[in-house]
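Once you have looked at the hints, place chain B on chain A.
Listed below, chain by chain, are the residues.
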Amino acid sequence: MKFHQHILSNGLTIVAESNPGVHSVALGFFVRTGARDEAPEVNGVSHFLEHMAFKGTDRFTADDVNRIFDEVGAEYNASTSEEVTLFYGAILPEYLPQTFELLASILFPTLRQEDFDMEKKVILEEISMYQDQPMHVAYEAGMLKHFSGHPLGTSILGTLESVGALTAEQMRQYHVDHYRAGNITLAVAGNFDFDQIVELAEQHCNDWPSGTLDRPTHEAKPQGGISIVTQDSRLQQNVVQMTSAPAAQDELRFAAEILSVIVGDDGGSRIYWELVDPGLVEFAELGYYDYDGTGSYMTWMSCQPETTAENLARIRDIYEKVNQDGVTEVELEQAKNKVASRVVLQSERPMGRLSSLGSNWVYRQEYQSVENDLAMLKGLTLEDVRKCLDAYPLGASTTAAVGPLSELQLN
Amino acid sequence: MQQQSIHTHQFENGLMLIVEEMRGLQSAAFSFLVPAGSIYDGSGKNGVAAMLADWITRGAGPHDSRELTATLDNLGISHSESAGSANVTFTAASVADRITDGLAIFGDIIRRPHLEEDQFEPVKLGAEQSLIATEDDPQRKAMVELRRRSFSAPWGLSSDGSLEDLPSISADDVRSHHDRCFHPNGAILGVAGNVDAQEVIDAVAANFGDWEKKPNTVVEPGDRGEKRSFIEHESAQTHIGISYDSVSFPDPDYYAAWAAVSVLSGGMSARLFTEVREKRGLCYSVYASQSSLKHEGQVLCYAGTSNERAQETLDVTLQELKRLGDGIDESELQRCKARAKSSLVMQQESSRGRAGSLARNWFFLEQIRTLDDVRQKIDALTIESILDYVHRRPAQDFTVLTIGPEQLTVNE
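These protein sequence lines are chains A and B, in that order.
Residues 1 to 411 (my numbering) make up the first sequence, in order.
Residues 1 to 412 (my numbering) make up the second sequence, in order.
For reference, chain A alone in the conformation it holds in the complex (with noise of 0.2 Å):
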């Protein structure tokens, strides 16, 4: 695999990693905007113009654009985050031009207000989608508890009354403000000629308008507490739980990763063992979150209501004593030979490539290879974990519950 990198006049960055050896070629836009960049009166247009892309552009109307892509037989789809809005599409060689044309083309998108009207039902069908799951809905308060104050607190999908109340006006300027060249990064993995793609960037992005966006990027200072959502139509407890961890531009932020793995993984770790393996919970993990200038840790759990409160005590217990004791030499071991496959694995495929190579890009302005992660991870010591836990203990400051209960105790 070879790295390759462009920066075009106006400020749009391509970075590229070529495998000859692989049959296809996935391409993204990663626009850094999501909706911690939004005001709250405009909470959930990041999404909502995520989705407007897809409406087309004075060249290529709404029908064109799925029936194009369709056409080329192109893997694609966008997502919004609380941080980036991504456009990407996976292919066979031979479509790159045509399909990086409309890619490009649809980041600029015509925004006629026909579409918007349309556009918006079908958000508010997302919303009401969401409202039926209730880890989602944890999810949500959650955010919104443990980032009160901070732009992480802004939900990415907005209400039905944020989004219901939206123009489409307040949405042109958000996309002028916002989708500026300087705040894009073209990321493209797996079988192609860099000149090429250099060339189809000139010809399709250069008419971008240059600039930045200013996103603070303070760190969260959560002051916790509980959010209840009591749903009595639920049969189980739903509960979702927060606390500090390193930022994206930490470096103990690998450490955090494993650590995470250890305690939290789906399978062999401590929360594992100790609370899904004896069927106390239907399910429960501890994830690591990185965002721009902050971090989580989220512990997400449901079970029984009424047995809530015991299984969190377990789930804190573990941390109390990974907090004291820090992990076992044999633990990290273990963790560190899971992740090694995984990353492996995921990285034959292009679009397996893509996240981390656009990623590390719009967070750090780095590349990593497939082996520099696998040198990183191999250097990993108790110490790096112990010098994790020291400045981000393991806990749960904030927590958010959805389900049939009123009240949660929690001590």
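Hints listed in this document are in silico derivations from the structure and should not be mistaken for laboratory results.
One should not assume that every hint holds.
To be verified - Over the 10 Å line for every Cβ pair with chain B, so calculated as not near, a few chain A residues:
1) R112
2) D132
3) V229
4) D373
5) E383
6) S397
7) L405
Unchecked claim - Only pairs whose alpha carbons sit at most 27 Å apart, straight line, appear in this in silico DSSO-like list of lysine-lysine:
8) B:K377 x B:K337
9) A:K121 x B:K227
10) B:K214 x B:K337
11) B:K322 x A:K121
12) B:K214 x B:K279
13) B:K322 x B:K227
14) B:K213 x B:K279
15) A:K387 x A:K2
16) B:K294 x A:K120
Unchecked claim - Chain B is faced by these chain A residues, among others (derived, beta-carbon under 7 Å):
17) E126
18) L235
19) R349
Computed from a predicted model, the values in this text were never measured in an experiment.
C-beta: ideal position from N, C-alpha, C; glycine also.
For chain B alone, coordinates are given in the frame of chain A:
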């Protein structure tokens, strides 16, 4: 399409092995189908196979549960065990040179599980919680209940089991399921990746060559469920499931049936997405999928929509399904072919994808189907051949199930 290197070997005990050498990859994977799925659960015992799929890794051969997990993790073998309707499926993937170690460990898991008494209660509790979680997820529940009503029993039953049957399932029921259904005859192992076929054959021989044959269990198809169902639920959306008859996987009409569904729901330019979502804004999620078993097939559709627009969504969706017989554009066929071709080529990048496909194809067809064979079948499709199929087997006689606050009317 690149020439594939596929080898088959049937052991004397009946175990079928299919190996694809994929030299460009670093990884290898296997997919092991054992004919012990939920259709063999037995009357009033729905959930036995699902419980076995959990219990079976809690200690096997020389290892207890924790040692087994540690061994697999240290080898970097990512794995899963799950019960489907016909088979219990074991999958594993790792860096290529570890895959033979994986076969040895799964030799213990499949043939010599401990199935210890003290592990049974946790398995049962876990199964119960996972079934309760489905009750809390109306979208998932809609599809579970739709399958129950669309396929003949016991194929339509949920492979996760049922809350009604769970209390009556004993440890001995599950052990006897293992004794009866875990045998090499009818078992299929697909292996793909950067491996040498002969080395794989030797490794399988060493771990499964002396696995003893047992009589096959025969299951006869029974009844299907009700055609119209409404489950009242206090949900934000109404969840709509629709199904209608299609063909089995081995049926000569399979590719025409697949193409018809692809015109309806393959990609974002397909009809359901365009008509129900893009033009009317009725849904976020709407789709149809071809669900073919060895002896029967169904098209399963889903749409989730707000309650006040649920009736319109059901009407429009049914109309689109019925309208397919009116005609198909050349461009629709071309898109369907392009998507298939691209996905076939991309399969060559995935050892996991290929291993699963090798095993599944053998299960359904008892022969190898190369990517090129599939491409030729796709290339041979014409508008006439698809329409001919749709006219012979039109979308009609729908099974409809809805979950939500209010009942809908089915206007066929």
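Comparing the hints with the structure gives:
Once the 10 Å rule is applied to beta carbons, A:R112 is consistent with being away from chain B; the minimum gap is 13 Å. Taking the minimum C-beta to C-beta distance to chain B, about 5 Å, the non-interface status of A:D132 is violated against the 10 Å cut. Distance to chain B confirms A:V229 as a non-interface residue, since its nearest Cβ pair spans about 13 Å, more than 10 Å. With a least CB separation of 14 Å from chain B, A:D373 remains clear of the 10 Å interface cut-off, as annotated.
The non-interface label for A:E383 is consistent with chain B: the shortest C-beta to C-beta separation is roughly 22 Å, beyond 10 Å. Distance check on A:S397: its Cβ is at least 27 Å (rounded) from any Cβ of chain B, clearing the 10 Å threshold; non-interface status holds. The claim that A:L405 is not at the interface with chain B holds, since no C-beta of that chain comes within 10 Å of its own (minimum 14 Å). Distance hint between B:K377 and B:K337 is fulfilled; the C-alpha atoms sit about 10 Å from each other, no more than 27 Å.
The straight-line distance between the Cα atoms of A:K121 and B:K227 is roughly 31 Å, outside the 27 Å bound, and the hint therefore fails. For the proposed pair B:K214 and B:K337, the alpha carbon gap of about 43 Å is over 27 Å, so the pair is violated. Distance hint between B:K322 and A:K121 is fulfilled; the C-alpha atoms sit about 25 Å from each other, no more than 27 Å. Taking the CA atoms of B:K214 and B:K279, the gap is near 56 Å; set against the 27 Å cutoff, the hint is violated.
Note on B:K322 and B:K227: the hinted pairing holds, with a Cα-Cα distance of about 17 Å set against a maximum of 27 Å. Among the hinted pairs, B:K213 with B:K279 is inconsistent with the structure: their alpha-carbon atoms are about 57 Å apart, more than 27 Å. A threshold of 27 Å between alpha carbons decides the hint, and for A:K387 with A:K2 the separation of about 34 Å lies outside it, so the pair is violated. Using a Cα cut-off of 27 Å, the hinted pair B:K294 and A:K120 is violated, with the two alpha carbons roughly 43 Å apart.
The restraint placing A:E126 at the interface with chain B holds, with a minimum CB-CB distance near 4 Å, inside the 7 Å limit. About 5 Å separates the beta-carbon of A:L235 from the nearest beta-carbon of chain B, less than 7 Å, and the hint is met. The beta carbon of A:R349 is positioned within 7 Å of a beta carbon in chain B (closest approach about 5 Å), and the interface hint is therefore held.
In summary, the structure is inconsistent with hints 2, 9, 10, 12, 14, 15 and 16 from the numbered list given earlier, while agreeing with the others.
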